[in-house]
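Protein chains in written order, with the working numbering: chain A, -14 to 185; chain B, 42 to 224.
Because the hints were derived from the structure by calculation, they are not lab data. Among the hints, erroneous ones may be present.
[Said to hold, decoys possible] Among the chain A residues that face chain B by a calculated CB cut under 7 Å, a handful are:
| # | residue |
| --- | --- |
| 1 | G36 |
| 2 | L50 |
| 3 | G165 |
| 4 | S166 |
| 5 | Q169 |
[To be verified] Stretch by stretch, here's where chain A covers chain B in the computed footprint (C-beta under 8 Å, at least three residues):
| # | stretch |
| --- | --- |
| 6 | 105 to 119 |
| 7 | 153 to 161 |
| 8 | 207 to 219 |
[Said to hold, decoys possible] With a cut-off of at most 27 Å between alpha-carbon atoms, the simulated DSSO-like pairs for lysine-lysine come out as follows:
| # | chain 1 | residue 1 | chain 2 | residue 2 |
| --- | --- | --- | --- | --- |
| 9 | A | K80 | A | K135 |
| 10 | A | K79 | B | K86 |
| 11 | A | K80 | A | K(-8) |
| 12 | A | K135 | B | K181 |
| 13 | A | K135 | A | K156 |
| 14 | A | K(-8) | A | K157 |
| 15 | B | K86 | B | K67 |
| 16 | B | K181 | B | K66 |
| 17 | B | K49 | B | K86 |
| 18 | A | K79 | A | K(-8) |
| 19 | A | K127 | A | K156 |
| 20 | A | K157 | A | K127 |
| 21 | A | K80 | B | K181 |
| 22 | A | K79 | B | K181 |
| 23 | B | K49 | A | K80 |
Please read these numbers as outputs of a predicted model, since none were measured by experiment. For every residue, glycine included, the Cβ atom is placed at its ideal position computed from N, Cα and C.
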Amino acid sequence: MLAASGKLDRRELARALLADRGEMVCIAGLGAPAWDITAVGDHPLNLPLWGGMGGAAMIGLGLALAQPSRPVLVLTGDGEMLMGIGALATIAVKKPRNLSIVVQDNEHYGETGMQETATRHGVDLVAMARGAGFERTMFVTKPEEVPALKAALHAGEGPFFAVAKIDEASKKLVLPPRDGSIIQNRMREAILGPAAHHQL
Amino acid sequence: MDPNAIDKAPDAAASWPDQIFDLLKKHEIRQVCLVPDAGHSRLIKRCLADNSITVTTLTTEEEGIALLQGAWLGGDKGVLLMQSSGVGNCINMLSLSHIHRCPMPMLVTMRGDFGEFNPAQVPMGNATQAVLEAMGTIVKRADTPEDIAPTVDATIRMAFNTFRPTATLIGQRVIGAKTFGKD
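So that you can see chain A by itself, here it is in the shape it has in the complex (with noise of 0.2 Å):
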């Protein structure tokens, strides 16, 4: 799971993450996660987004309130979490168990032609979840943390965040389906049924 670098591999790690992973629904932030969850397995309950830069974690959060049973999970990348910072107040303050902040830091802008973040500069991600009351946290570096950051996903003990560090390489492109009802309404379906489709 390890890179040339030392640093985490960031698909190995989307793999581990969605690996058995039952009911648990997942939103990509756009970018190189969503091409990630689409490299280790393109499915229903992911949404790998194209754009609404900063909003990957107020969509976990809309639907963890929705179902508040199932597992969500928001992986995204350094530049879009620090987009949609205030999030992390909005979302302590409600509380959901069932949902869980994955950042997959690099450090760096990935799609723009590797530009340095803020987190290359030492802002200090799971500090600022902490500071906006996220009482579960971790940061993560090494392969041997990682099943302990799978399990905090279907602990139920949310609101949880964690930052990976991770390789700043850019990974082979696989794009997940261009077409954005499709991602939505398959989801949608895979959750509510086929009334999903005629709800009024």
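Fit chain B to the supplied structure of chain A, relying on the hints for placement.
Just chain B, lined up with the frame of chain A:
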């Protein structure tokens, strides 16, 4: 209402905030998200007192657009309440509605569009409808108390029946602008 607050709330005798609440119940709205506005203050109180509605207070209005997307994925119908200045914060996030064809009804109380006292409210207040429409939102105005309930009803119906962003703009003419003794 606090005489030291700069924004004005609806008169206690006005029935339209309660009519909006009744419409939220009729349409089985389960999630209401908001950045507070004085114009929505009574509606917000009614929502907070209702056990079947989950109210989420946002740090910025664009969070509400993303929350509506998540709620819909999970089978909940939601509505975003905000004042006109907050519309400006939502613009790029509204692309989620077009990407996924997600219903996103918004109920906006207007500032800066009729007798406004505060210069800071005027730029966004006058741009509200134009920027929402630029992002593909179906926008309808309500400038009399009698117009509000039917317009909100249409806004909620068009969002959930036709899968798009829709908005009712409740004119400042209905709520009134503060005059600070210069009546």
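Checked hints:
1. Because the closest C-beta pair between A/G36 and chain B is about 5 Å apart, less than 7 Å, the hint holds.
2. For the restraint placing A/L50 at the interface with chain B, the shortest Cβ-Cβ distance is roughly 5 Å, inside the 7 Å limit, so the hint holds.
3. A hinted interface residue such as A/G165 counts as satisfied when its beta carbon comes closer than 7 Å to some beta carbon of chain B; here the least separation is about 4 Å, so the hint holds.
4. For A/S166, the suggested interface contact is upheld, since its CB lies about 4 Å from the closest CB of chain B, less than 7 Å.
5. The closest approach between the C-beta of A/Q169 and any C-beta of chain B is roughly 4 Å, which is under the 7 Å cut-off, so the hint is satisfied.
6. Given a C-beta distance limit of less than 8 Å, the hint that chain A covers the stretch 105 to 119 of chain B holds, as 14 residues qualify and 3 suffice.
7. As drawn, the stretch 153 to 161 of chain B meets chain A at 0 residues by the rule of a beta-carbon pair under 8 Å; below three, the given contact is violated.
8. Only when three residues or more bring their CB closer than 8 Å to a CB of chain A does the claim for the stretch 207 to 219 of chain B stand; here the count is 0, and the claim is violated.
9. For the suggested pair A/K80 and A/K135, the alpha carbons sit about 19 Å apart, so the restraint of at most 27 Å is met.
10. Only pairs whose Cα atoms come within 27 Å are accepted, and A/K79 paired with B/K86 is accepted, the gap being roughly 17 Å.
11. Between the alpha carbons of A/K80 and A/K(-8) the distance comes to roughly 31 Å, so the proposed pair goes past 27 Å and is violated.
12. In summary, the hint linking A/K135 to B/K181 is not supported, as the alpha carbons are separated by about 47 Å, beyond the 27 Å threshold.
13. For the suggested pair A/K135 and A/K156, the alpha carbons sit about 22 Å apart, so the restraint of at most 27 Å is met.
14. With a CA separation close to 18 Å, the supplied pair A/K(-8) and A/K157 stays within the 27 Å bound.
15. Distance check on the hinted pair: B/K86 and B/K67 sit about 18 Å apart at the alpha-carbon level, within 27 Å; holds.
16. Taking the CA atoms of B/K181 and B/K66, the gap is about 21 Å. The hint holds against a cut of 27 Å.
17. Annotation: proposed proximity of B/K49 to B/K86 holds, straight-line Cα distance about 16 Å (limit 27 Å).
18. Restraint check for A/K79 and A/K(-8): the C-alpha separation of about 33 Å exceeds 27 Å, so the hint is violated.
19. For the hint linking A/K127 to A/K156, the alpha-carbon distance of about 19 Å falls within 27 Å, and the restraint holds.
20. Note on A/K157 and A/K127: the hinted pairing holds, with a Cα-Cα distance of about 23 Å set against a maximum of 27 Å.
21. The suggested pairing of A/K80 with B/K181 is violated, with an alpha-carbon distance near 35 Å, which exceeds 27 Å.
22. Restraint check for A/K79 and B/K181: not satisfied, since their Cα atoms lie roughly 32 Å apart, outside the 27 Å limit.
23. The suggested pairing of B/K49 with A/K80 is violated, with an alpha-carbon distance near 32 Å, which exceeds 27 Å.
Hints 7, 8, 11, 12, 18, 21, 22 and 23, counting from the list given before, are not met by this structure.
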